[in-house]
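**Student:** Each chain, written out:
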Amino acid sequence: MSPPDPAIAVRASGVDMFFGTPENRVVALKQAAFEARRGELIMLVGPSGCGKTTLLSVIAGTLTPQAGSVEVFGQLLDGLGQEPLTAFRRRNLGFVFQSFNLIPTLTVAENVMVPLLIQGRSIDEARERALALLDRVGLKGREEGRPDALSGGQQQRVAIARALVHEPPLLICDEPTSALDKDTGAQIMQMIRDLSRSPERCVVVVTHDHRIFRFADRIAEMEDGRISRVFDDPKLLDIAHH
Amino acid sequence: MYRLALNMLFGDRAKLAMLLCGLAFSALLMAQQSSVFFGIMSWTYTPMVNIRAQVWVSDPMVEQVNDAKPLRDTDLLRVRSVDGVAWAAPLHTSFVQARMQDGNFKLITLVGIDADTFAGAPAVLSQGRIEDLRLPDTVIVDEWGAALMGRMGVGPDGKPRHTPLQVGDTFEINDIQARIVGICRVKRAFTGGPFVYTTYDRAKGYTLGARRTLSFMLVEPQEGMAPAELCDRIERDTGLKAWTSDTVIWNWGERSLARNTFWWFWTNTGIPFSFGTAVLLGLFVGIAISGQTFYSFVLENLKYFAAIKAMGAGMGVIARMLFAQAFTAGLIGFGLGAGMAQAIGRVMIEKGMPPFVMYPQILWSTFALVLGISFVSAVIGIIKVSRVDAASVFRG
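Protein chains in written order, with the numbering used here: chain A, 9 to 250; chain B, 284 to 679.
These are computed hints drawn from the structure, not numbers from a lab. Heads up, some of the hints might be wrong.
[To be verified] In silico DSSO-like links for lysine-lysine, alpha-carbon gap of 30 angstroms or less:
1) K148/A x K586/B
2) K298/B x K586/B
3) K190/A x K586/B
4) K487/B x K352/B
5) K38/A x K586/B
6) K389/B x K298/B
7) K298/B x K667/B
8) K190/A x K148/A
9) K470/B x K667/B
Small disclaimer: the values here were computed from a predicted structure and weren't measured.
With the sequences and hints as input, model every part of the structure.
**Tutor:** Shown next as structure tokens:
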């Protein structure tokens, strides 16, 4: 195996993933290969059921593939035990979910504090950093409110703050704009791009919202459980589709 | 994470209220029923509390204090001659019918004590003097009995009276007049009859010359002699059965007559089964309501726990969160339930019925059982969360 390339953030190769029994097997990924670099925002696009979310889960280490290897920042995830894998996610990954997944019984600030508290940081430190990030996403003054008192766009901003509060080198976004209208979705993508932009950080966004393709540095298109094409210029995907 | 776990719990007020109701009801049922049980059981050895002596001597066949088997009067002399006995006094106890002024009969516990020493006399007299028992046909009645028998009394106008019996009032025991010269304050008995004290010799008369009237002997050890040791000597020298009189349930020794009485009622009546069923019911209701509510709380928060797992929280962290939530609810539920049991107990003690004794051990046991319910609830939740795939958070 070749030594890890420091410029590569994520490398998946020959990944097979299927669900169900051998008789009723549903193939989600078939010899899928994927690469994402440090400092870029890459989008995984494709029709429903093509395997985007499964590939994202494999990259995030929440699903273990039946075949192939996944390497994140030089760390091979296959073969890692449950505990080291959990610790790896804790240190290196931030998540933005489609349905926000903000805990409704916690305040906005407490929701943002969660990743730091999972890391074992003190309440004071977690709170200080959460407030600073909420300020950056434009939610100063809403820290003590409940998430359900916020609009969808505001809730997704809280989720972005939560995903970045512990400064993870890999940000995983699963359909971050699907629950938002066009303008709010654009604002959210702009925010993800602005806040997460760093030479060391890689952002992987799964989406089928073509309106946000323009925020990507590269776009990987999936079809039938594998990456079919990679576009270095997002505009090329639009051209290809039209 | 503990703080966040608790905020999650307190943030869902409806679920929390349901959870606390289940735990509090369970704690209330377990603590209250146990306290009434021990209250009733403490009534079984009431004579040991009301008639105070360090050592009781009985027929060898006696199993409990309410079941006296008469002794010969000469046994008293044999006991007095045992080395280590400071004094020994006769005691008569029996259940006899008293005829009230309105013609009704009432079963009473007749207690005949030694007229010379008054050994075994009630400790507190609210009316009258103990020495007046030496006057002819006199008795001392307990306060509760005076109130009860007062309802069967007749006033000077010949109409029913509704006031308690007083010093000077009379009734009959086996057609012999009993004139009240004192009202005493004693603990009520399991058998339900009022305590009527008189002298040992007069008790013989009231029982119509029964051949043997010596029920027990009350014995005082000489200074420096341990009651248990004296019991050994009495049994060895006389062949009679000797008992210590400790009535503190958690401290009584093997020779305690109160202990034997307690266990006699435990094994020969359905009381423990009846109350044990109620306590078990409390436990099962607690597990059912709290377990179900906590499970539904976990189900409702399942996707958030899955998100927390995806973010890198191990099952250890999540288990600690769930335990913190369950035990906090348990602690509050126990506090509410035990508080309600105390409040109900206070009312019961004021009314005198049913008997209520809440030992600290009852509270500790209830606390442990409520924590057990919380533990079971938390484990059910942990099993559910452990089966949730962290990848499920990506499925919308």
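**Student:** Could you run down the list of hints and mark each one as holding or not?
**Tutor:** Here is how each hint holds up against the structure:
no. : hint            : in the structure
1   : K148/A x K586/B : holds, 27 angstroms
2   : K298/B x K586/B : holds, 17 angstroms
3   : K190/A x K586/B : holds, 27 angstroms
4   : K487/B x K352/B : holds, 15 angstroms
5   : K38/A x K586/B  : holds, 28 angstroms
6   : K389/B x K298/B : violated, 54 angstroms
7   : K298/B x K667/B : holds, 18 angstroms
8   : K190/A x K148/A : holds, 24 angstroms
9   : K470/B x K667/B : violated, 53 angstroms
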